[in-house]
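Spelled out from the first residue to the last, the chains are:
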Amino acid sequence: MERIFQGTPAAEVIRKLRDADGYYITNTARDLSQSDFKNRILLHTDLLAAEERDRAGYYSLEITGGASIHVDMLRKQVDPFVKLKLLREKMPNTMFQTLCRGVNLFGYRPYPQNVIRFTVKEFAPYVDVWRTFDFLNHVPNMQAVLEEVALAGKVNEPCICFSTGPEHTNSFYLGKVQEILDVTGPDIVLCIKNHGGLGTPQRIGELVDGIKQRFPDLVVHYHGHNTDGNDVGRITEAVLKGATIVDAADSAFTGFYGPPPVLTVIQVLKEYGKEAIGINEDAVIRTSDVIRDERQYYQQFESQIKGFQPTVQIHKLPGGAMGSSLEQASKGGFLNRVSEILHKELPRVQQELGNFWSVTPGSQILWTTAVSNVLGGERYGTPSGDLKNLLLGKYGPFPFHQPPEWIYKKVLGEDWQKVLDEEGGVEAIQDIDLAQEKADLHEKLGKEPDNKQLALYLQHPQDAVDYIKFEEEYGMVHVLPPSIFFRQGGFDIGDTLYFSDTQGKEHIIEIGPSPVVDTGETVVYFNVDHYPRYYNFAPILAEGVEPARQALSKEEIMDLAMAGDVRAVFAGNLVEISVEEGQVVKKGDRVAVMEAMKMQTSVVSEIEGIVTAISAKIGKTLQPGDKILKIDPDE
Amino acid sequence: MKKKILVANRGEIAIRLIRAIQELDSTAVAVYEKPDERSRHIRLADEAVLLGDGPRSDYLNIRKIITAAKNAEVDAIHPGYGFLAENPEFARACEEAGIIFIGPPSKVIADLGNKVVARSIMAAAGIPMVPGTENLEKGPKGIATAKEFGAKYGYPVMLKATSGGGGRGIRLTENEDELVRQIPIARAEALAAFDDDSVYLEKVVVNPKHVEVQIIADNTGKTLHLATRDCSIQRRNQKLIEIAPSRVANPALLEEICQTAVKAAKAANYFNAGTVEFLIDEDMNYYFMEINTRIQVEHTVTEMVTGIDIVRNQIKLAFGYPLSFEQEDVKVRGHAIEMRINAEDPKNNFMPEGGKKVSVYRSTGGFGVRLDGFVYQGYEIPEVYDSLLVKLTVHGFTWDETVSRVKRCLQNFVIAGPKTTIPFYLNIVDEPDFISGNFNTSYLDTHPKLFHYEEAKGEVGKLARLIAEIHHHGKNPFAS
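Respectively, the protein sequence lines represent chains A and B. Read in the working numbering, the first sequence has 8 at position 8, and its numbers run on one by one without any break. Read in the working numbering, the second sequence has 221 at position 221, and its numbers run on one by one without any break.
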């Protein structure tokens, strides 16, 4: 059996997969660990790995999609399109795969149809395999993407999101597969998206077997996470029961909650007489050799919690959401209550809210609700906007059953039935005027954007603009290795940094002293390629530009909140101010909502009083200690 | 020579003079004002005399300087450029005090300093000149003369203060109404600035090249030229970049201009070193403009291409030595470019950056490089004097070599603290018209892109900037 090379027509790809005697492997480099860590992997590292990964003979490399479009711009300052182009130059043989959130595309909210179609068209030339899912398995939410991918002649890989529980039967899932096939026709790859790594090997085997019995020609791709340490078992059963493609990752960079190592999968399945088609084991090993030393520079982003999480079978929070959830708990000072939230409240909330799939953005809704239920005192007392939208059916219908009435009452108010009747249902999102959007972007950039820039802007307006401006000022920073890009605490005098530019020329920067001069400015001296250069840094940032960060501790922020001075507890975007000036609030009332990496968190009042001043603006990124609003305590 | 010579100036030219004096085995006496007390020329001189609190007024105070010279028992005074250099009263005061003034006699300075007298001398000698008037008569008669001149030669017309110079006291008028309106204003200003309200008119040569000839004459009447310089690159009539020789691709014309300069100097009975300035219009007509009776800032480019130390010769001539070389000994070899590195912000209309401290000063070096400066690391630039920090002069065998050399030197130069003209010059050395020698006095106005520069150029410069941010903040502020 032979490997499938990039450039093979989609129909031919499907035919080869159907005829496969053995199985293929997708390297899920984009998704190789817990949330923040995987979001930090620089293009520099992926380029280092590129040649060996290309030789390794994977079916595909998942390298874009999910949160990566956002974090490429926001955290790594790299153009998601340029990334794909540069990787393609070094990886001519391997198909690139994306993860698309259906109607939410590469963002966190539903987009209008014309934006979805435009975005897919722009990315299609760079992406060969399109894995698409919806967190409610609501097939209409995927339809526009599926259609555009088919039109572009790329491989369509719609997902059924998988979970466990009494409702999650084979017959339910087979029905979903049929729904998908009704939309796409037979020439697709079907993905079982087991993002939490749920279920036993036997359960996964049963599901694959059920699908293959009913749809013998359907190519099945199993995607799982190793959160509980047992995904190799599930992969093995999936392949033995007929799955043709499975996901794994490079051992040097995967770990807690990521996919299992490629080599382990190969070794185990070999014993069962299953061949990994096209795989060059030597290149698999060498890929990890090449990048192993880079991992130390990502240390600051590794999960706070080490080891495995077999309790994922109880709380079902996917590997992807685990890291950011724990980070939030750590920053919010409630790490000591995480066990209660995960193991008691989350399963309860899940059951109450309809036992849907804990995946973006559903996983965030479940987590946020469980957190506020535990910390807020009153269950469902401070519902997030996303939870309201879920109950209103904005994301789609509940797959199994609706939450009980009392929750509707809590979240939507006493006249919840009326609200539901008037506002409920999947929102028909109006198309937007793309020409107008382009004109707006033109004005923001001060120059004509191309369609790719527009596609990025439509996904993440502010971050795309910031990124494009950043690149003008600082250039193509992906040439900097993580040892420089993520350096903590500055460099030492006399340190010599080496890096190669986009043309491959090596540069040398020697670090000089950084004295504070009379004006209060700090002057940083470097020798750049042996020429002395200096950089001035203002002492105190000018008024109105960016106030000097007050390094407030969590305790201080809490003390201030007790006095009515409500401040951001963690870094994130302010997405909602729930009160108006002059409004009376009670202790525990939600006054604002912040969002960090898909996760919404309510900011609640610690006191009773009147809102006197709102100082933060919706849409702004706040740092810990930044003011949000003031409440005058009721005396 | 073992003489004692007072340097009546400050800044880089004071150091240039002190060096020449000391090379002649003579003693250099510096003078300074209080705001200049950290200036390096004081330390390099053999003696130094504090004139007073200034600012500027003591460098311009003839009595104080003559007194200092007498007290120090000097044989001669070199005035440098600016301040008292072209003040005939100062030259006369020296003569009366029995001190040698290193420069032409006071009468020559007076004659050539008065633009109208100078024009009549040159007219008599048959030197080609921009059409112009005598001093305008007072009142309506002068207005009538002005109108007549405008009608005959066309606008624009330059209205000039007779006693002005160095780019001061000049105004351009586009039409008759404006001319008539400006005459009384110009008179009032000239009176205030030069204590002389005389004004005259000149036809404007549109977008000329500014080409000048260095001349040198001994007291036997032997007058030689040291070839041409081009000083066309100016802002607000202040020179920024000078080259030698002129890039006009017409050797016969340049030779003719040099001969004309010698003729002009002889007509004025010139003695010592001086500069005859010409304008060349777009049709390659050339016109006499004026004779500067002092050492010029840009004398360095002539020294580089001829190998002749002009200041040393000035001093020797003043002490009565004859010129030790003939015209045929003066050979121009290669090209030289001088760039005036000023503490100014070119983007902000060349606003001076005085008052700032030079926190880093790392100069350049290497083959064909000359620096005439006076600032040092830690020096605080006084706000009350001019903004020239250092003159970078390079010499090269070919023009291209010279341009690439000056570019390399600019890239090597590091001055931190004040903004400087260096990044602006870095744009000029990459600009095709400059590289091809195709520039005139409109160069800056017609090349606005020169003002678009960033402090850090190129890919590595941008990345280094990010690394500086990562270093300064202790983490990557964009990856938090």
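Incorrect hints may appear among the rest.
As the list claims (entries may be wrong) - Each computed DMTMM-like pair below joins lysine to aspartate or glutamate, with the alpha-carbon atoms no more than 25 Å apart:
#, chain 1, residue 1, chain 2, residue 2
1, B, K419, A, D518
2, A, K505, B, E469
3, B, K449, A, E608
4, B, K462, A, E595
5, A, K444, B, E459
6, B, K347, A, E427
7, A, K505, B, D46
8, B, K475, A, D187
9, B, K419, A, E510
10, B, K266, A, D529
11, A, K444, A, E471
12, B, K462, A, E510
13, B, K347, A, E472
14, B, K475, A, E473
15, A, K85, B, D430
16, B, K356, A, E472
17, B, K407, A, E179
18, A, K554, A, E608
19, B, K407, A, E506
20, B, K331, A, E51
21, B, K462, A, E302
22, B, K462, A, E427
23, B, K462, A, E294
24, B, K449, A, E294
25, B, K475, A, E427
26, B, K475, A, E472
27, B, K3, B, E96
28, B, K475, A, E608
29, A, K394, A, E427
30, B, K462, A, D501
31, A, K469, B, E96
32, B, K419, A, E472
33, B, K475, A, E448
34, B, K357, A, D415
35, B, K4, B, D46
36, B, K449, A, D495
37, A, K444, A, D466
38, B, K138, A, E427
39, B, K357, A, D466
I should point out that these hints are in silico values taken from the structure, not numbers from a laboratory.
Structure-based check of each hint:
Our distance criterion of 25 Å between C-alpha atoms is met by B/K419 and A/D518, whose separation comes to about 16 Å. Annotation: proposed proximity of A/K505 to B/E469 holds, straight-line Cα distance about 22 Å (limit 25 Å). Between B/K449 and A/E608, the direct Cα distance comes to roughly 61 Å. Violation of the 25 Å bound is thereby established for this hinted pair. The hinted pair formed by B/K462 and A/E595 fails the criterion: a straight-line CA distance of about 32 Å is larger than 25 Å.
As the CA atoms of A/K444 and B/E459 are separated by approximately 24 Å, the hinted pair is consistent with the 25 Å bound. A threshold of 25 Å between alpha carbons decides the hint, and for B/K347 with A/E427 the separation of about 53 Å lies outside it, so the pair is violated. The suggested pairing of A/K505 with B/D46 is violated, with an alpha-carbon distance near 51 Å, which exceeds 25 Å. With a C-alpha separation of about 49 Å, the suggested pairing of B/K475 with A/D187 is violated against the 25 Å cut-off.
The hinted pair formed by B/K419 and A/E510 meets the criterion: a straight-line CA distance of about 24 Å does not exceed 25 Å. Restraint check: the Cα-Cα separation between B/K266 and A/D529 comes to about 54 Å, which exceeds 25 Å; the hinted pair is violated. The straight-line distance between the Cα atoms of A/K444 and A/E471 is roughly 15 Å, inside the 25 Å bound, and the hint therefore holds. Using a Cα cut-off of 25 Å, the hinted pair B/K462 and A/E510 holds, with the two alpha carbons roughly 15 Å apart.
Annotation: proposed proximity of B/K347 to A/E472 holds, straight-line Cα distance about 20 Å (limit 25 Å). As the CA atoms of B/K475 and A/E473 are separated by approximately 18 Å, the hinted pair is consistent with the 25 Å bound. Proposed proximity of A/K85 and B/D430 is contradicted: the alpha carbons are some 32 Å apart, above 25 Å. A C-alpha spacing of about 30 Å is found between B/K356 and A/E472, which places the hinted pair above 25 Å, so the restraint is violated.
Between B/K407 and A/E179 the alpha-carbon distance is near 69 Å, which puts this suggested pair outside the 25 Å criterion. For the hint linking A/K554 to A/E608, the alpha-carbon distance of about 21 Å falls within 25 Å, and the restraint holds. Under the criterion of a C-alpha separation no larger than 25 Å, the hint pairing B/K407 with A/E506 is consistent with the structure, at around 22 Å. Between B/K331 and A/E51 the alpha-carbon distance is near 63 Å, which puts this suggested pair outside the 25 Å criterion.
Between B/K462 and A/E302 the CA atoms are separated by roughly 29 Å; this puts the pair beyond 25 Å, and the hint is violated. Proposed proximity of B/K462 and A/E427 is contradicted: the alpha carbons are some 45 Å apart, above 25 Å. Our distance criterion of 25 Å between C-alpha atoms is met by B/K462 and A/E294, whose separation comes to about 24 Å. The suggested pairing of B/K449 with A/E294 is violated, with an alpha-carbon distance near 43 Å, which exceeds 25 Å.
At most 25 Å may separate the alpha-carbon atoms for a hinted pair to count; B/K475 and A/E427 exceed this at roughly 42 Å. With a C-alpha separation of about 21 Å, the suggested pairing of B/K475 with A/E472 holds against the 25 Å cut-off. Proximity of B/K3 to B/E96 is assessed by CA-CA distance (about 19 Å); at most 25 Å being required, the pair is judged to hold. For the proposed pair B/K475 and A/E608, the alpha carbon gap of about 40 Å is over 25 Å, so the pair is violated.
Proposed proximity of A/K394 and A/E427 is supported: the alpha carbons are some 5 Å apart, at most 25 Å. At most 25 Å may separate the alpha-carbon atoms for a hinted pair to count; B/K462 and A/D501 meet this at roughly 11 Å. Distance check on the hinted pair: A/K469 and B/E96 sit about 68 Å apart at the alpha-carbon level, beyond 25 Å; violated. Between the alpha carbons of B/K419 and A/E472 the distance comes to roughly 23 Å, so the proposed pair stays at or under 25 Å and holds.
Between B/K475 and A/E448, the direct Cα distance comes to roughly 33 Å. Violation of the 25 Å bound is thereby established for this hinted pair. For the hint linking B/K357 to A/D415, the alpha-carbon distance of about 71 Å lies beyond 25 Å, and the restraint is violated. At most 25 Å may separate the alpha-carbon atoms for a hinted pair to count; B/K4 and B/D46 meet this at roughly 10 Å. The straight-line distance between the Cα atoms of B/K449 and A/D495 is roughly 37 Å, outside the 25 Å bound, and the hint therefore fails.
With a CA separation close to 10 Å, the supplied pair A/K444 and A/D466 stays within the 25 Å bound. Of the supplied pair hints, the one linking B/K138 and A/E427 is violated, its CA atoms being roughly 87 Å apart against a limit of 25 Å. Distance check on the hinted pair: B/K357 and A/D466 sit about 35 Å apart at the alpha-carbon level, beyond 25 Å; violated.
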